[in-house]
Amino acid sequence: MNELREKVKKALANRRVSWALTHFADNYVIAREKAYAGKDFATLRQKVAQIKEETIARLEELAEQFTREATRRGAVVYRAASAEEARAYIADLARAKGIETVVKSKSMATEELHLNRYLQQQGLEVVETDLGEWIIQLSGQRPSHLVMPAIHLSRQEVAEIFREKLGVEVEPDIGRMVKLARRELRKKFLGAWMGISGANLAVAETGTLVILTNEGNARLTTTLPPVHVVVVGLEKLVPRLVDIVPVLEVLPRSATAQILTSYVTLITGSVPAVDPEGNYLPQKELHIILLDNGRTRMAADPVFREALKCIRCAACLNVCPVYQQLGGTFGAVYTGGIGVILTAFFTGFEEAAQLQELCLGCQRCREYCSANIDLPGLIEELRRRVVAKKGVGPAARVALAGILPRRRLFHTFLRTAARLQAPWVKEGKLCRLPFFPELTEGRALPPLSLVPFRDRTARLPRPQSPRGKVLFFSGCLIDYVFPRIGEAVDRVLAAMGWELVHPKGQGCCGFPVWQAGLPGTFARLAQQNLAALAEIEAEAVITACPTCTVALKYLYPEVLKGDAKWAELARVLAEKVTDFSSFVWERREEILPILAPIRERITYHDSCHLKYTLRADRAPRELLLAGGAELKEMAPPELCCGFGGSFTLKFPELSRAILKRKLQAIEGSGAETVALDCPGCLWQIGSVFSGKAKHTAEILAESLKYPLAL
Amino acid sequence: MAEREELISAFSAQARLLGAEVYRASSPGEARALVKEIIESTGVRRVALASSPLLASLDLIPVIEAAGAELVKGSLREQAETAEMGITAFELAVAETGTLVHDATELDTRLFSMLPLVHLALVPVRGLVANLEEALNYWLTRGEIPGYLAFVSGPSRTADIERVLTVGVHGPGRLLIVLLGEEEVCSHE
Ligand code: SF4
Ligand code: SF4
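Keeping their order, the protein sequence lines are chains A and B.
Anchor point for the first sequence: position 406 equals 406 in the UniProt record's numbering, and the numbering is continuous, going up by one each time.
Anchor point for the second sequence: position 27 equals 27 in the UniProt record's numbering, and the numbering is continuous, going up by one each time.
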C-alpha cells in the first residue's frame with residue numbers, strides 16, 4: 001500500500017505527464033463531441049456492446065469458424081493458450097526460417113506477451129514502427145497510453161532520444177523529426193523478413209483481420225516482409241463482416257476524435273509479396289496467433305466477462321482524473337481503469353489487487369465507454385474479491401468493520417473526536433492534524449461540529465399546517481461536519497410546507513464500507529437504516545448527499561436482494577428516496593414564489609454520483625437559475641474534485657492534485673460562489689477555494705423571503 | 001443523378017477536411033490533362049503506375065512522359081522505393097467519411113499506394129457509396145472478400161509527438177484524388 005503511494009508520489013512529481021494528459025483530455029472531450037456530431041453515441045455503443053456480447057457467448061465457436069475460414073484462404077492459425085506458447089511459436093518460426101530482422105506495428109497483445117524483450121533475447125532485431133512506440137522503444141521506456149504511447153514526452157525529449165540513440169543531431173522540430181523517423185524506419189521496413197502486427201478485429205465469417213492505423217506503418221508491416229505474424233486476442237473476434245461497421249464508427253471517434261483513421265486494412269488470408277532480395281512470392285506466409293492468455297477464464301466469469309467487450313479505444317483513460325495525473329502508473333501493460341481489470345486476468349491478480357486502490361470511483365469512464373462497460377462497477381467487484389481474498393488492512397478493519405456499523409459507538413467516537421480536535425481548530429478550520437499532516441497541508445478543512453445535526457433538530461422550524469411529512473437521511477458528513485446543510489434543508493422544506501423528520505436510528509449510509517469491498521458489513525448497515533426509516537410513514541425520503549442517495553436508492557436493493565423481507569423494504573424505500581434539489585425542483589411552485597432573487601454569480605460543481613449515477617445535475621441548475629442566480633459554467637464542466645471518500649486518506653497527494661485542477665476550473669469561471677449538492681465535494685472544495693462554497697440548499701435557504709422563525 | 005452529385009460533394013468536402021486534394025474529370029481527355037497538370041505541379045520526376053483496367057484505359061504512360069516525368073523501372077520493390085509518386089485506381093469512394101476503397105491484393109497497387117510520398121488516386125464516380133456499410137456490402141455481394149482490402153482516408157498522419165498533427169510519416173504525405181465522371185467509363189472489366 002505504502003509502496004503504491006510512493007509510486008504515486010513519484011508519478012506526480014513528473015508534472016510533464018499530467019500536463020500533457022490533462023491538456024489532451026480537455027481538448028479530447030470537445031473534439032470527440034464534434035466527431036460524434038450527427039451520430040447517436042448511445043445507440044452506437046449499444047450496437048458495439050451487443051456484437052461483443054454475442055462474441056463472448058460464442059467465443060469458442062467463433063474461434064473455430066475464424067480458424068476454418070482463414071485457413072481456407074491460406075493463413076496458418078495457431079491457438080495460443082498462454083503468453084509463453086505465443087512467444088515460443090513466434091521465436092520457433094523465426095528460427096526455422098532463419099529470420100533475424102523483425103518490424104512490428106503497434107499491438108497491445110504483443111505488449112502483453114512482452115514479446116520484444118523475448119525475441120531480442122533470442123538474438124532477433126525487433127523494431128517498433130509506430131512513431132510513438134519507436135520513440136518509447138529507443139528510450140527503453142514503457143508505453144504510457146493505449147493509443148498514444150509517447151504522449152508524456154516533449155519534442156525536446158524526443159530530439160534528445162534521437163541524438164542519444166541514433167547518433168543523429170536533429171532540431172526539436174516535429175516535422176523534421178517525423179522525416180527522420182520516416183527515413184530510418186523505411187530502411188528497417190525494407191530489410192525486414194518478418195512483420196508482426198496486432199489486429200483490432202477478427203471476423204469469424206470471413207477469416208478477415210481488421211487493422212486501423214493513421215501512420216500507415218501497419219500497411220507496410222503487413223506488406224513488405226515475406227512473413228506476417230498477427231497476434232490477436234480471442235475477444236477481438238466478431239461474428240460477421242458487417243459487425244465491423246459499428247466498431248469502425250466508434251473506435252476512431254472515441255480514441256482520437258477522428259471520423260475514421262487514415263487507414264483501415266482488411267486482410268483475408270495470404271496475399272502476394274516480394275522479399276527483400278526481390279523474389280516474388282505469389283502467397284506470402286500469414287500466421288495468425290489467436291491468443292487466449294486468460295480470456296476464456298474471463299469469459300467464464302459471470303461478472304468480468306463484461307470487460308471482454310472492450311475495443312481498446314482508451315476513452316476511459318482519457319477522461320479518468322486519476323489517469324490524467326498518473327499516466328502509466330495507473331495500470332500495468334494495459335493502463336487506466338480497464339487496464340486494472342485486464343491485468344487481473346491477463347498478467348497478474350496481485351498487481352491488479354494493488355492498482356484497483358487507485359480508482360476513486362468517479363464513474364466518469366462509464367459515460368464514455370465505447371462498449372458500454374460498467375468499469376467502475378467492475379473495479380468495485382475486483383476490490384470485493386481482493387478483500388475477500390486478503391481482507392482489508394488492520395486500520396480499515398477497525399474503522400470500517402468495527403466502528404462504523406455500530407452506530408452508538410461510531411457516534412460516541414465522533415463526538416469525542418469533535419472535542420479532542422479543539423487544539424487543531426483555528427477560526428472554525430482544522431489545521432495540521434497530528435496523524436494526517438498531508439491531509440491538512442496547505443488547506444483548511446472543516447472540523448467536526450461540536451453539536452451534530454441530530455442534536456439540533458428539536459430547535460428547527462416547523463410549518464404550522466404541514467402539507468405532509470418527509471424523512472431526512474442526513475448521512476455522517478452532514479450530521480457531524482456540516483449540520484448547517486441539514487438546517488438549510490429543513491428551513492427550505494419547512495418554508496415549502498413540509499414537516500422534516502430526522503429518524504434518530506439512522507447511521508452511516510455505509511458507502512465507505514461498500515467502497516472498501518465489504519458487502520456483508522454494508523448489508524448490516526443497510527438493514528439498520530432501513531429499520532430506522534421504515535418506522536415513520538412519510539411522503540419521501542430526502543437526502544442532501546448524492547452518495548447516500550446512491551446507497552439508499554441503488555445499493556440497498558442490490559445488496560439485500562437475497563432476503564425477501566429486506567429486499568421488499570429496500571425496494572419500497574428506494575422509490576421514496578430523492579435528492580434535495582430534485583425534490584424541490586419538482587415542487588418548484590411551492591418555493592419560487594417565496595424566494596427573493598439570488599444575487600450571486602454562481603458556478604455549479606457536478607458531483608460524480610449526482611451527475612453520473614443519479615443523473616440529477618439539471619435540477620440544482622434549474623433551481624438556481626429560476627431563483628435569479630447568474631450561472632457561469634466552468635470549463636471543462638465535469639471534473640471530479642478528487643474526494644472519493646477514503647481515497648483522499650489513502651492517496652492525499654493524488655487527491656490534492658486532482659483538486660487543484662478543479663480549483664483552476666472554478667476560479668476560471670469568474671464566479672464568486674461555487675454551488676454543489678454534495679457535502680463530500682464541499683469538504684474538499686471548500687478547503688481550498690477562496691470564494692464561497694455552498695450546498696444548493698444553503699443558497700436557497702438564504703434567499704427565502706419569509707423564513708419560518710426558529 | 002442529383003443524389004450522386006450530393007455524394008460527390010459530401011465525399012469531396014470530407015476528403016478535403018482530411019487533407020486530401022480532390023479533382024474532377026468528366027471525360028478521359030480531361031482526366032489525362034488533369035494527371036499531366038498534377039504531375040507538373042507536384043514536380044515529381046519518378047512515377048510508379050499500377051496496373052488496372054481503369055488506368056490502362058486512360059493510357060497514362062504518354063501523359064506521364066509528356067509531363068516531364070519518367071516511369072520507374074526494376075523489380076516492384078525497386079519501383080516502389082524509387083518512385084516519388086504512385087498512381088493507383090480505387091473502386092469505391094465513401095461519402096460520409098471521405099474514404100477511398102480498393103482491392104489492393106495485387107502487389108503493385110499495394111506498394112504504389114503505400115511507399116511513395118505522393119499518391120495519386122483515381123476513382124470512378126459510379127463508385128461513390130454513402131457509408132462504410134454500403135462499401136462492405138459492395139464487396140460482400142461480389143463473392144469472396146479480396147485478400148487485401150484497403151480503406152484510405154487522407155494522407156498518412158501522426159500526432160505522436162506532443163499531439164501535433166504531422167503528415168507523411170510512413171505513407172504518402174499528399175493524397176490527390178481524381179474523380180472520374182460517368183461518360184468516360186471505360187471497358188471496366
Ligand atoms: S471511476 Fe473514475 S477514477 Fe475510477 S477508473 Fe473510472 S474514471 Fe478513473
Ligand atoms: S473500457 Fe470502454 S472506454 Fe475503455 S478502452 Fe475499453 S471500450 Fe474503450
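A portion of the hints provided could be inaccurate.
Unchecked claim - Each computed DSS-like pair below joins lysine-lysine, with the alpha-carbon atoms no more than 30 Å apart:
#: 1; chain 1: A; residue 1: 429; chain 2: A; residue 2: 650
#: 2; chain 1: A; residue 1: 47; chain 2: B; residue 2: 73
#: 3; chain 1: B; residue 1: 73; chain 2: A; residue 2: 188
Just so you know, the hints here were simulated from the structure itself, not pulled from any lab data.
Between the alpha carbons of residue 429 of chain A and residue 650 of chain A, is the straight-line distance 30 Å or under? 22 Å, holds
Mind checking the alpha carbons of residue 73 of chain B and residue 188 of chain A for me, to see if they're no more than 30 Å apart? 22 Å, holds
Quick one, are residue 47 of chain A and residue 73 of chain B close enough, alpha carbons at most 30 Å? Violated. Residue 47 of chain A to residue 73 of chain B sits at ~49 Å, over the 30 Å cutoff.
Violated hint for the displayed structure: number 2, the only one.
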